[in-house]
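S.K.: Line by line, the protein sequences are chains Z and D. Its first residue numbered 19, the first sequence is counted upward by one per residue in the working numbering. Its first residue numbered 70, the second sequence is counted upward by one per residue in the working numbering.
You may find that some hints are simply not true.
[What the hints assert, rightly or not] Covered stretches of chain D (chain Z as the covering partner; in silico rule of three or more C-beta atoms under 8 Å from a C-beta of chain Z):
hint : stretch
1    : 79-90
2    : 161-167
3    : 225-238
4    : 273-286
5    : 295-309
[Said to hold, decoys possible] A few chain Z residues that face chain D, going by a derived Cβ cut-off under 10 Å, partial list only:
hint : residue
6    : W48
7    : M53
8    : S93
9    : H96
10   : A110
11   : R119
12   : F121
13   : P126
14   : A147
Hint data in this document are derived by calculation from the structure and do not stem from the laboratory. Beta carbons are placed, not taken as given, at the ideal position from N, Cα and C, and that holds for glycine.
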Amino acid sequence: MARPADPHAMQPSRPGRTRTAPPQVPDDFWTRPRMRTYLLFDATGIVYLLVGLVALRVAWALRDGKAAWDALLASFAHPAYLAFHGLALVCALFVGVRFFRLFPKAQPAHIGPAKPPPRPVLHAMLYAAWIGITLVLLAILGGVWPK
Amino acid sequence: MASDGGESKLRTFVVTRFDPDKDQVPKTQSYQVPCRPDWKVLDALNFIKDEIDPTLSHRWSCRMAVCGSCGMNVDGEPKLTCKTSLADYGDTVEIAPLANFPIIRDLVIEMDGFMEKFKAVKPWIIAAKEKAAEEGTYEQSPEQLAAFKQFSMCINCMLCYAACPVVSKEPDFLGPAAIALGHRYNMDSRDEGASERNAVFRGDGTVFHCSYANECSEVCPKNVDPAAAVNQAKLNAVIDWATSFVVKRSR
């Protein structure tokens with residue numbers, strides 16, 4: 019059913035003539051499908067925090083020399099690390115798709131005389147940039163480019 | 070029960086009740102209603118009011134999704150009850166007042182807080198100098214109209230406030246409809262008050278509370294897309310603040 023929301027939500031600055039009941043929200047507000055997707059979107063921040071910590075570990079290994087670096091690379095083959103990186107990839111894809119869906123409509127109709135391109139074009143540009151940058155990074159990490 | 074619209078079906082409506090003279094907190098009451106297949110939720114509420122329980126209070130007026138009066142939470146989702154078909158719901162339907170608003174009585178919510186937020190964004194044309202009547206009308210091209218027309222279609226039904234997860238946590242947040250309306254005037258080629266409104270957007274009721282959950286646009290019955298307005302307003306407010314250091318304001 020319903021539970022109390024913030025008692026000050028949408029309250030007028032001065033009380034009205036009639037006594038009112040405090041605002042309510044549906045009990046299952048946070049578990050509805052759209053809200054669940056939104057919360058998952060926010061929760062991916064935790065995964066990115068962990069990815070950041072892994073990046074710090076990589077930096078420390080670089081500082082500590084070749085043996086530490088080789089040990090780090092070996093540890094990345096552990097199933098737990100593989101699963102974590104798989105999860106990070108899923109999170110990145112999820113956030114990317116949601117962001118690209120919402121980003122175009124957040125663009126102002128114009129900034130001064132400049133106008134953004136039509137939304138389908140903006141969508142295409144975002145995905146093209148995403149795929150292009152990913153391919154460049156893969157080429158660099160795979161040693162294919164630059165020669 | 071047979072009727073022109075086909076066989077009636079008995080449905081249970083669990084309706085929120087609150088009498089400010091008797092109740093401390095809202096409670097629910099169930100009603101059995103023989104509903105025709107073509108009925109909207111509002112038809113069932115009017116049946117309850119007319120045939121079962123005349124003490125039930127709810128707002129409605131136009132019955133064609135224009136006046137914005139009949140917004141309620143139907144099975145937890147903010148809906149215009151005159152536009153919401155019962156055929157999309159099960160045998161039991163929960164009707165509650167719009168979430169996030171104080172409740173005056175039963176399904177009637179307190180709107181004064183909403184109206185204060187509306188007024189705060191100065192929803193009128195602000196001109197540096199009023200044009201004399203003999204100078205003719207303000208002209209606007211179709212392209213200039215297109216920049217804000219979508220945001221002017223709001224019917225003030227407040228469904229977006231009931232859906233917004235920020236409104237329920239940040240009482241000072243101006244909210245989707247008010248920001249969309251302010252943004253509508255900012256985008257109007259006849260208006261010169263954008264810097265005043267942007268100062269409001271950046272102030273206590275800041276647009277930056279919005280976390281872009283997009284719920285307001287999901288529930289908007291007129292496809293106004295308030296989430297787009299709020300997030301465009303965020304960017305415009307920042308640009309306006311940054312340019313204020315180098316461009317002298319005329320007002």
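S.K.: So, for every hint listed, does it hold in this structure?
M.R.: The hints, checked one at a time:
no.	hint	verdict
1	79-90	holds (count 4)
2	161-167	holds (count 3)
3	225-238	holds (count 5)
4	273-286	holds (count 5)
5	295-309	holds (count 8)
6	W48	8 Å, holds
7	M53	7 Å, holds
8	S93	36 Å, violated
9	H96	35 Å, violated
10	A110	18 Å, violated
11	R119	9 Å, holds
12	F121	9 Å, holds
13	P126	5 Å, holds
14	A147	19 Å, violated
Of the numbered hints given earlier, the model fails hints 8, 9, 10 and 14; all others are met.
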